[in-house]
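Undergrad: Sequence:
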Amino acid sequence: MGFADSTVQRFAWTKATPYTEDDARSFFAYQEQSRKRGEELNFAFVEP
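Here our numbering runs 38 ahead of the position in the sequence shown, where the first position is 1.
Calculated from the structure, these hints are not laboratory results.
Among the clues, some could well be false.
As the list claims (entries may be wrong) - No farther apart than 20 Å at their CA atoms in a straight line, the calculated lysine to any residue pairs in the SDA-like style are these: (1) Lys74 <-> Ser64; (2) Lys74 <-> Arg63; (3) Lys74 <-> Ala62.
Starting from the given sequences, assemble the full structure and let the hints guide the process.
TA: Right under this line is the structure:
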């Protein structure tokens, strides 16, 4: 996971504890619920 990388946490992540798989799963579940309610729709675009 990108946010678990120590370099990313050092420069870009203000969370005091490591970002775990459970954190990621909770985030994705929240995103899905928000999408279904029509409240949020998030994208990440990358080059193939």
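Undergrad: Next step is simple, just say for each hint if it's right about the structure.
TA: Now for the hints, and whether the structure bears them out:
1. Lys74 <-> Ser64: With a Cα-Cα distance of about 15 Å, the restraint between Lys74 and Ser64 holds, given a limit of 20 Å.
2. Lys74 <-> Arg63: Since the Cα atoms of Lys74 and Arg63 sit roughly 17 Å apart, the hinted pair holds (cutoff 20 Å).
3. Lys74 <-> Ala62: 18 Å, holds
In summary, this structure violates none of the numbered hints.
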